[in-house]
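These are the residues of each chain, in order.
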Amino acid sequence: MSAVTDPPTLAYRRARRRWGAPFLFLLPAALLFVAFLAIPIGYAIYLSFRGMRMAGGGPFGVRQETWVGLDNYVAAFTDPELLAGLGRLAIYGIIAVPLTLGLALTFALLLDLPRVRGARFSRTAIFIPYAVPGVVATLLWGFLYLPSTSPGTWVLERVGLGGLDVLHGPMLFPAVANIAIWGGVGFNMIILYTSLRGIPADVYEAARLDGASEWDIAYRIKIPLVAPALVLTGLFALIGTLQVYGEPTTLRPMTSEISQTWVPLMMIYRDAFTRDNLSLAAASSVALALGTLVVSVILLRLTQKRSFGES
Amino acid sequence: MMRRTIPVMATLSAVALALAGCSSGSGSGGADAEADGPITLDYWAWGTAQQPMVDAWNAAHPDIQVKRTDAGGGTDSSAKLVTATRAGNAPDVAIVEYNTLPAMIVAGVAADISEHADGLEEEFAPGVWSQVTFDGATYGVPQDAGPQALTYNQAQFDELGIEVPTTWEEFADAAEKVHEADPDSYITTFAPAEFGGFAGFAQQAGAEWWSVDGDTWTVDFDDDASVAVADYWQDLIDRDLVLAEPLLTPEWNAKVNKGEVLSWPAGLWAAGVLYGVAEESAGDWAMAPLPRWDEGSSAVGFQGGSAVVVTTSTEHAEAAAEFARWMGTADEASAAQIEQGQYPASLAGQELTLESDPPLLMPQQKDYWETAAEITRSTIPEISWGPNVNVASSAFQDAMSTAVTDGTPLRDALTTTEAEVVEDMETTGFEVTQK
Chain R
1 MSAVTDPPTL AYRRARRRWG APFLFLLPAA LLFVAFLAIP IGYAIYLSFR
51 GMRMAGGGPF GVRQETWVGL DNYVAAFTDP ELLAGLGRLA IYGIIAVPLT
101 LGLALTFALL LDLPRVRGAR FSRTAIFIPY AVPGVVATLL WGFLYLPSTS
151 PGTWVLERVG LGGLDVLHGP MLFPAVANIA IWGGVGFNMI ILYTSLRGIP
201 ADVYEAARLD GASEWDIAYR IKIPLVAPAL VLTGLFALIG TLQVYGEPTT
251 LRPMTSEISQ TWVPLMMIYR DAFTRDNLSL AAASSVALAL GTLVVSVILL
301 RLTQKRSFGE S
Chain E
1 MMRRTIPVMA TLSAVALALA GCSSGSGSGG ADAEADGPIT LDYWAWGTAQ
51 QPMVDAWNAA HPDIQVKRTD AGGGTDSSAK LVTATRAGNA PDVAIVEYNT
101 LPAMIVAGVA ADISEHADGL EEEFAPGVWS QVTFDGATYG VPQDAGPQAL
151 TYNQAQFDEL GIEVPTTWEE FADAAEKVHE ADPDSYITTF APAEFGGFAG
201 FAQQAGAEWW SVDGDTWTVD FDDDASVAVA DYWQDLIDRD LVLAEPLLTP
251 EWNAKVNKGE VLSWPAGLWA AGVLYGVAEE SAGDWAMAPL PRWDEGSSAV
301 GFQGGSAVVV TTSTEHAEAA AEFARWMGTA DEASAAQIEQ GQYPASLAGQ
351 ELTLESDPPL LMPQQKDYWE TAAEITRSTI PEISWGPNVN VASSAFQDAM
401 STAVTDGTPL RDALTTTEAE VVEDMETTGF EVTQK
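Just so you know, the protein sequences line up as chains R and E, in that order. Numbering of the first sequence is given in UniProt numbering, commencing with residue 1 and proceeding in unit increments. Numbering of the second sequence is given in UniProt numbering, commencing with residue 1 and proceeding in unit increments.
These aren't lab readings, by the way, just hints derived from the structure by calculation. Wrong hints could be hidden among the right ones.
Simulated DEER-style distance windows between Cβ atoms [stated by the list, open to error]: (1) E:K258 x R:L299: 48 to 54 Å; (2) E:K67 x R:L83: 42 to 48 Å; (3) R:P28 x E:E431: 49 to 55 Å; (4) R:L83 x E:E122: 39 to 45 Å.
A few chain E residues that face chain R, going by a derived Cβ cut-off under 10 Å, partial list only [claimed, not checked]: (5) V82; (6) A103; (7) F134; (8) L247; (9) E251; (10) K255; (11) S393; (12) D398; (13) T402; (14) T427.
To give an idea of the chain R side of the interface with chain E (calculated C-beta under 7 Å), a few residues [stated by the list, open to error]: (15) P59; (16) R123; (17) R275.
All C-beta atoms in this analysis are idealised placements derived from N, C-alpha and C, irrespective of residue type, glycine included.
With the hints as constraints, model all of the structure from the sequences given.
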């Protein structure tokens with residue numbers, strides 16, 4: 001009897017083992033995901049509905065954490081500074097994103113030209129600023145911007161022109177954006193350049209046989225073919241813009257024009273740590289994260305048909 | 001910009017994680033809490049004077065060893081204290097600036113040490129002692145005092161033939177002279193972000209931003225005195241007689257070194273800070289009492305200064321209180337402080353300064369410490385700070401900076417600040433009346 005019943009049991013066991021294996025392999029990733037992403041996000045959302053309120057009376061009564069419903073969201077959305085911060089972010093983004101991507105694409109196309117000289121040197125030179133840590137880069141530029149320490153001002157004064165204080169007045173936005181552009185072009189250039197190198201050479205050969213100039217090749221072949229990479233770098237740039245924090249924070253001590261709420265992340269930091277209002281910061285963070293998600297999805301929807309050829 | 005592709009949530013998750021795994025509530029130094037062995041206290045403090053003071057304590061107290069951590073200056077350190085207290089890993093003892101102490105009490109960071117404070121009151125001048133007592137309870141031991149004074153470039157003043165101003169009116173006249181003599185030179189800086197400095201000027205003029213009666217707080221940032229102070233600086237800014245820009249930037253430091261910024265009305269600690277940025281001009285500088293608003297009264301406010309507090313997280317409250325008391329009152333501690341240019345808060349420590357050399361910035365000013373003692377004797381006795389100075393300070397900084405850059409009235413910035421302070425207190429649940 002046993003000889004008859006054994007084989008099905010074995011098959012069944014084997015089947016079950018096969019069924020269990022994927023879950024076993026998923027486990028480490030799932031655990032990490034839950035521990036380092038799902039739980040913190042859940043906790044942040046939970047925190048955004050809490051608040052520190054006075055427990056008991058007295059002028060120096062101790063505050064305790066309690067449930068406050070949507071109070072934090074109301075406070076975040078009714079604060080004109082959050083909207084103003086998003087407005088400043090928009091100006092910054094309008095300057096930084098197109099210039100970074102435009103310069104990166106231009107450099108990538110130039111480096112990809114046949115018989116280009118000094119390509120390796122130029123590539124490294126353009127890429128190196130990306131390797132400079134953001135805070136160091138900002139301090140470096142800060143010193144270049146301040147009239148008393150700037151060699152630019154020194155030269156301008158020697159030739160009889162007045163000094164230039166870019167950290168005050170309308171030049172502030174380009175000055176901050178410039179730091180990001182300086183640091184970001186190299187990274188984006190490498191992505192686009194790598195993508196250009198992936199295009200088979202026979203496509204160009206065919207184009208040349210048809211009499212296309214290098215300009216035509218760049219405009220009609222290269223750019224459309226690297227469109228997916230452009231969308232990717234565009235998305236990174238957009239998300240990066242929404243997360244601007246380091247540059248203005250590092251420049252803040254040098255100018256009165258950058259407030260503590262200059263961009264949304266600075267405001268979140270101020271609420272969480274300077275003002276000890278972690279709940280309000282959590283609410284703003286949730287709102288900003290959702291906003292980033294929505295904007296990213298819209299960008300991908302708008303571009304994926306064209307660039308990824310999906311219908 | 002382009003490199004940060006991690007979602008916003010990641011920033012917050014670090015914070016959330018720090019808070020999530022922290023319900024144990026055990027203070028630091030738990031491992032050392034064996035009955036007999038020496039205990040170790042964790043101490044958060046900034047400034048050059050601290051390590052020598054701690055070393056002196058450790059040498060004299062083998063049973064209670066102190067480990068010092070520099071957790072950043074006043075604002076950073078108190079922000080971290082609040083977070084660390086919630087996370088259950090706050091140090092046992094910490095330095096807190098007088099004006100943030102109320103916020104630390106309300107946040108549950110500073111412990112009531114009244115039972116360990118016998119005879120402590122007599123060690124300090126009333127004005128200093130009132131900075132650490134609230135509602136009849138003691139929350140810290142004063143360590144250094146920062147009464148406001150005028151630190152000025154004596155060499156430049158002499159060259160221009162300017163007398164040291166004793167009233168703010170004379171100060172404005174001197175400002176005019178300085179700027180006339182050299183259009184690049186200014187008598188001083190109005191730094192819009194200097195909450196503590198402006199608070200001191202306003203207190204000198206008689207302002208009381210927070211006052212408490214029973215359970216009810218009264219908040220009044222735009223009273224007549226504060227508005228008068230704002231208008232005074234407004235006038236100097238409008239006439240381009242003071243530099244309206246942040247302090248201690250590479251830009252400002254360069255100007256100080258070039259002799260283009262001639263004075264700094266600030267806490268007594270200004271001598272140490274200026275020495276740090278303009279060491280080469282040591283000997284050019286001197287210190288004088290702060291100009292007065294009217295001839296009659298010589299009372300000045302404080303700017304900065306700090307107390308040693310015992311945290312609510314400590315498991316060694318008694319040892320911590322003993323250490324705090326020693327740091328504020330022992331002669332060895334005061335001596336180490338004076339050497340580093342800090343002005344001790346205790347009467348005995350201030351006595352000790354009279355036998356010391358003047359600070360490095362003004363080695364030629366033999367009466368430096370006598371002048372300091374005189375200024376300290378005439379500080380305003382009662383200054384009350386509110387429970388949300390952190391909110392006030394951040395609101396003030398942005399409102400004043402905006403006013404200076406946009407050219408809107410400084411006095412309006414006070415009204416804006418008051419509105420934010422009141423709103424925050426009401427949200428938290430304090431009883432507030434607004435004047």
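Against the structure, the hints:
1. E:K258 x R:L299: 48 to 54 Å: holds (50 Å)
2. E:K67 x R:L83: 42 to 48 Å: Because 46 Å falls inside the window, the suggested range holds.
3. R:P28 x E:E431: 49 to 55 Å: The hinted range 49 to 55 Å holds for P28 of chain R and E431 of chain E, with Cβ atoms some 54 Å apart.
4. R:L83 x E:E122: 39 to 45 Å: Since L83 of chain R and E122 of chain E have Cβ atoms about 55 Å apart, the given range 39 to 45 Å is violated.
5. V82: This hint holds: V82 of chain E lies near chain R, its Cβ roughly 5 Å from the closest one there, short of 10 Å.
6. A103: holds (7 Å)
7. F134: holds (5 Å)
8. L247: holds (9 Å)
9. E251: Holds. Min distance 4 Å.
10. K255: holds (6 Å)
11. S393: holds (8 Å)
12. D398: holds (4 Å)
13. T402: At 7 Å from the nearest chain R Cβ, T402 of chain E passes the 10 Å test, so the hint holds.
14. T427: holds (8 Å)
15. P59: holds (4 Å)
16. R123: With a minimum Cβ separation of about 17 Å from chain E (threshold 7 Å), the hint on R123 of chain R is violated.
17. R275: holds (5 Å)
Checked against the numbered hints given earlier, this structure breaks hints 4, 16; the rest are met.
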